[in-house]
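*Asks:* What follows is the residue order along each chain.
Number of protein chains: 2
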Amino acid sequence: HVDEEVTLCGWIQYLRQDLFVILRDFSGLVQILIPQDESKSELKNAFLGLTVESVIMVKGRVRRRPEGQENKKMSTGEIEVCAESMEVLNTCRKLPFEIKEFVKKSEALRMQYRYLDLRSPRMQYNLRLRSQMVMKMREYLCNLHGFVDVETPTLFKRTPGGAKEFVVPSGDPGKFYSLPQSPQQFKQLLMVAGIDRYFQLARCYRDEGSKPDRQPEFTQVDIEISFVDQAGVMSLIEGLVHYSWPEDKGQINVPFPSMTYEEAMRDYGVDKPDTRFGMKVTTDDCSRVCALCCQWKLNMGRWRKWMIIAAFALCVVQEVSVVPVRADGSLKSPLSRLLSDTAKQQLLQMAQANAGDLIFITAGPRENVRPLLGKLRLQCAELLESYGVPVRDPSVFHFLWVVDFPLFLPKEDNPEMLEAAHHPFTAPVPEDAHLLYTQPRKVRGQHYDLVLNGCEVGGGSIRIHSPPCPFFSVLLVIRDVIAFPKSFRGHDLMSHAPDFVSEEDLKPYHISVVWPSADIEGQQDNSM
Amino acid sequence: HVDEEVTLCGWIQYLRQDLFVILRDFSGLVQILIPQDESKSELKNAFLGLTVESVIMVKGRVRRRPEGQENKKMSTGEIEVCAESMEVLNTCRKLPFEIKEFVKKSEALRMQYRYLDLRSPRMQYNLRLRSQMVMKMREYLCNLHGFVDVETPTLFKRTPGGAKEFVVPSGDPGKFYSLPQSPQQFKQLLMVAGIDRYFQLARCYRDEGSKPDRQPEFTQVDIEISFVDQAGVMSLIEGLVHYSWPEDKGQINVPFPSMTYEEAMRDYGVDKPDTRFGMKVTTDDCSRVCALCCQWKLNMGRWRKWMIIAAFALCVVQEVSVVPVRADGSLKSPLSRLLSDTAKQQLLQMAQANAGDLIFITAGPRENVRPLLGKLRLQCAELLESYGVPVRDPSVFHFLWVVDFPLFLPKEDNPEMLEAAHHPFTAPVPEDAHLLYTQPRKVRGQHYDLVLNGCEVGGGSIRIHSPPCPFFSVLLVIRDVIAFPKSFRGHDLMSHAPDFVSEEDLKPYHISVVWPSADIEGQQDNSM
Numbered sequence: 028h029v030d031e032e033v034t035l036c037g038w039i040q041y042l043r044q045d046l047f048v049i050l051r052d053f054s055g056l057v058q059i060l061i062p063q064d065e066s067k068s069e070l071k072n073a074f075l076g077l078t079v080e081s082v083i084m085v086k087g088r089v090r091r092r093p094e095g096q097e098n099k100k101m102s103t104g105e106i107e108v109c110a111e112s113m114e115v116l117n118t119c120r121k122l123p124f125e126i127k128e129f130v131k132k133s134e135a136l137r138m139q140y141r142y143l144d145l146r147s148p149r150m151q152y153n154l155r156l157r158s159q160m161v162m163k164m165r166e167y168l169c170n171l172h173g174f175v176d177v178e179t180p181t182l183f184k185r186t187p188g189g190a191k192e193f194v195v196p197s198g199d200p201g202k203f204y205s206l207p208q209s210p211q212q213f214k215q216l217l218m219v220a221g222i223d224r225y226f227q228l229a230r231c232y233r234d235e236g237s238k239p240d241r242q243p244e245f246t247q248v249d250i251e252i253s254f255v256d257q258a259g260v261m262s263l264i265e266g267l268v269h270y271s272w273p274e275d276k277g278q279i280n281v282p283f284p285s286m287t288y289e290e291a292m293r294d295y296g297v298d299k300p301d302t303r304f305g306m307k308v309t310t311d312d313c314s315r316v317c318a319l320c321c322q323w324k325l326n327m328g329r330w331r332k333w334m335i336i337a338a339f340a341l342c343v344v345q346e347v348s349v350v351p352v353r354a355d356g357s358l359k360s361p362l363s364r365l366l367s368d369t370a371k372q373q374l375l376q377m378a379q380a381n382a383g384d385l386i387f388i389t390a391g392p393r394e395n396v397r398p399l400l401g402k403l404r405l406q407c408a409e410l411l412e413s414y415g416v417p418v419r420d421p422s423v424f425h426f427l428w429v430v431d432f433p434l435f436l437p438k439e440d441n442p443e444m445l446e447a448a449h450h451p452f453t454a455p456v457p458e459d460a461h462l463l464y465t466q467p468r469k470v471r472g473q474h475y476d477l478v479l480n481g482c483e484v485g486g487g488s489i490r491i492h493s494p495p496c497p498f499f500s501v502l503l504v505i506r507d508v509i510a511f512p513k514s515f516r517g518h519d520l521m522s523h524a525p526d527f528v529s530e531e532d533l534k535p536y537h538i539s540v541v542w543p544s545a546d547i548e549g550q551q552d553n554s555m
Numbered sequence: 028h029v030d031e032e033v034t035l036c037g038w039i040q041y042l043r044q045d046l047f048v049i050l051r052d053f054s055g056l057v058q059i060l061i062p063q064d065e066s067k068s069e070l071k072n073a074f075l076g077l078t079v080e081s082v083i084m085v086k087g088r089v090r091r092r093p094e095g096q097e098n099k100k101m102s103t104g105e106i107e108v109c110a111e112s113m114e115v116l117n118t119c120r121k122l123p124f125e126i127k128e129f130v131k132k133s134e135a136l137r138m139q140y141r142y143l144d145l146r147s148p149r150m151q152y153n154l155r156l157r158s159q160m161v162m163k164m165r166e167y168l169c170n171l172h173g174f175v176d177v178e179t180p181t182l183f184k185r186t187p188g189g190a191k192e193f194v195v196p197s198g199d200p201g202k203f204y205s206l207p208q209s210p211q212q213f214k215q216l217l218m219v220a221g222i223d224r225y226f227q228l229a230r231c232y233r234d235e236g237s238k239p240d241r242q243p244e245f246t247q248v249d250i251e252i253s254f255v256d257q258a259g260v261m262s263l264i265e266g267l268v269h270y271s272w273p274e275d276k277g278q279i280n281v282p283f284p285s286m287t288y289e290e291a292m293r294d295y296g297v298d299k300p301d302t303r304f305g306m307k308v309t310t311d312d313c314s315r316v317c318a319l320c321c322q323w324k325l326n327m328g329r330w331r332k333w334m335i336i337a338a339f340a341l342c343v344v345q346e347v348s349v350v351p352v353r354a355d356g357s358l359k360s361p362l363s364r365l366l367s368d369t370a371k372q373q374l375l376q377m378a379q380a381n382a383g384d385l386i387f388i389t390a391g392p393r394e395n396v397r398p399l400l401g402k403l404r405l406q407c408a409e410l411l412e413s414y415g416v417p418v419r420d421p422s423v424f425h426f427l428w429v430v431d432f433p434l435f436l437p438k439e440d441n442p443e444m445l446e447a448a449h450h451p452f453t454a455p456v457p458e459d460a461h462l463l464y465t466q467p468r469k470v471r472g473q474h475y476d477l478v479l480n481g482c483e484v485g486g487g488s489i490r491i492h493s494p495p496c497p498f499f500s501v502l503l504v505i506r507d508v509i510a511f512p513k514s515f516r517g518h519d520l521m522s523h524a525p526d527f528v529s530e531e532d533l534k535p536y537h538i539s540v541v542w543p544s545a546d547i548e549g550q551q552d553n554s555m
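Keeping their order, the protein sequence lines are chains A and B.
Take 28 as the starting number for the first sequence in the working numbering and just add one per residue.
Take 28 as the starting number for the second sequence in the working numbering and just add one per residue.
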């Protein structure tokens, strides 16, 4: 753009030596040269009167910077703009914090002045990246795959079961709307209605307080398809992620690897394994002993001792033994005296442990001890990272399908009984259907989760389409953290009529219904 | 596709003569040939056992229909599919109504069985058209014009003034969220935050009951831009409408014509004129007489008399005279005897009336009588159309900008006082700014409405950017029917902290806050 006349609007980032102004907008920074001639002293004085973060409009001419004055760290470092006129759109008084990446500010201050916090390059990048990714997803679904974007109502009826829902009082006494946990019921009805490929960037609500990965309202990519199978949905979603993946995050490969629920629980003690690092849970096939080998690998020097102490601390309330392996391969543990040499060798072999490693050993029912070791695995990774040992590369993205979930799991409060592992309309794997009434614990469901670096980012299932659910479709939901509503009521769902809510339902909100007093007032008027 | 093996899934539209099944999906209909050989009697019987609207999957081979059996009304009328196998995905029992365009059903029945109603080609077309138009709008804004799609929260604080808002009780006793009337405050803060081009397909809430053009929740294309002027926004929006306009609705031309508020009120008695037809309001420059000439044009034959009676009925409670013009040009009215021949000539000329026309005459302050005649103009159009006279072509789309709105209007309850015509942060037209304190009624605002066939489909304004509103931006909102929130509170808006709501605020909902009784129970325990 050298020699071009330009008009720039933006925020003042720096004022330098009465000579330069650095102007910022979302695309970056540019240097403005303040004129120094006597004839333009008015303009110069206007510039010198400016404060940082004021908003100005500058007209001027682009020129190459004098040789030796280029700034290679700046994408516009080879040019500058000679100001010819300037309008102050708004002046900025003192701000609660400077808009510079290196200025540390508390979370509370950032939230209080959210509109200033969003000026930072990092927040600008995040908001713009989200917008672009969502746009790409829409292109993929709408333009390339014939999906219909349908907006479903949010003032709805209560769904029994599932998460706690927000209620919204209607003007009708004693009647309330409910904000939906997900468009679950609407999208199933859309399948019945012949919208064979539905999607929505859907706002969902759960009245369950805020957690780092869960807010009262959140958005999910909500998909439902008729006439497909599990492989079809999985390849559609792989295509979706691949198509919308941001260029600056590196290439991702499709298809994603797949792991059964059984393998995930066996090797990682969790149904959403972080496969960026090893340290798998191992099991002795003959006994009920499970082990986790934390491979220090590096010579930890002076930190090693502290890390072992920290590892002991992790296990102190749990029935897990921590066994450091000495440089000569011997075990540094009271256990060492109790075990025969053969047993020690077996243990080292089972845990695939080497000199310098730390073995976590425990025994008990596998369904209990594996999840315990799975948690320890992640805690060890955090511990190592806190001492500067790289374990999980934050720049890589390991997508993983987890499939073949059990259709039923023992009830939490009564493990003798079974309940649907996900929702009660997940279809069984056809080959297992004959076991439904004889060995229900062995029946796998056509449910699949998408896991990224140990986070469940999506999940779905093939639904039962034989009566009483009169359709054949597939659900896939992608969001930061996922959960499924637990029930389904298939009638009169598209209407807006609010439901009656009992006093009992309102207790958590500390409100009660007041019957309108108009009639009583009317009687008073008559009596007077 | 002739001779290809195909798999089709869909709903059974018709069963014909034990020979054919017509299968429907969203893309249309196709004829399936039921095999008649003895060897395939099982398949034939399966077909014959089907009911209309059952869902099936058919595999078969496409073939050209025998000569003479083509159906030119059907887009697949030249082919049929010879069924080789068929799977019943679901059988349909008797439905409350048939899924055929010609079957009349009540609005209530359609709403009750919304998922069946949506199977009709018309509803499928509407849902799919909306999805496609919205997608095109996003492409235009995001991909072609650098807008950032930002999702703003819906669990928010109350905005004083404006429409009545829904409240949402939080778990915190006595504290409530409010569902926003529009993302107004968020988007203004996004401008402050440096998101210079924001848009959102925004869900908005107003607790004002349902009307045909207003529902408790609705969606608007919500836009805000920094560093632009009125002409810039108008051309952006013209581009948006042009880009996203559906092909099957014919070409629309940009730029759209523009009309000042004053012209609209003068000629049409309304700020959102339907410019598809004439019949303008006319004014005698010397007197306070205004007239509307309803040009019958056609020979109405036997209906003419009834229409005149209906026109009289329209005016009976209003101080409007209806004056039919006879074939010889004379006036058929008691007024005729009161007016001189010159006056009659002047009236005919003013109203541009011809033989056979109907003139509506009234007198009074123009700001009162013009809107009255404006309403009569639309009622006449309806009346003529109800008798089969084409007035407004439903297949044409007349977009129109209405500009130069007054910045202030007389208060409804106290016409001596002024209030902001739109919202209080609309900037004045710069040339009028000097009149702000001397002749405020003459000051025009930088506000613009987009009108389509007499409906306000969008509107926006240049905002005041000098303190106390520290930004420079532009609002444009497009939705079926528009209104603006009346106030703006510029602090602490991005946080989720619910606001305190008084008992007074809750009265319309017939609820009251109950203080938690846990403390009192604790005391009782102690005393026992």
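It cannot be assumed that every hint is accurate.
Any copy will do: because identical chains look the same in the list, a pair fits if it lies in one copy or spans two.
[Said to hold, decoys possible] Straight-line Cα separation of at most 20 Å, SDA-like style, residue types lysine to any residue; simulated pairs:
| id | residue 1 | residue 2 |
| --- | --- | --- |
| 1 | Lys191 | Pro180 |
| 2 | Lys163 | Gly173 |
| 3 | Lys163 | Leu228 |
| 4 | Lys86 | Val255 |
| 5 | Lys469 | Arg419 |
| 6 | Lys121 | His492 |
Simulated from the structure, these hints should not be mistaken for lab results.
*Asks:* None of the hints should be skipped; say for each whether it holds.
*Replies:* Hints and how they fare:
no.: 1; hint: Lys191 x Pro180; verdict: both (18 Å within a copy, 19 Å between copies)
no.: 2; hint: Lys163 x Gly173; verdict: both (14 Å within a copy, 14 Å between copies)
no.: 3; hint: Lys163 x Leu228; verdict: both (12 Å within a copy, 16 Å between copies)
no.: 4; hint: Lys86 x Val255; verdict: between (58 Å within a copy, 15 Å between copies)
no.: 5; hint: Lys469 x Arg419; verdict: neither (34 Å within a copy, 68 Å between copies)
no.: 6; hint: Lys121 x His492; verdict: between (63 Å within a copy, 19 Å between copies)
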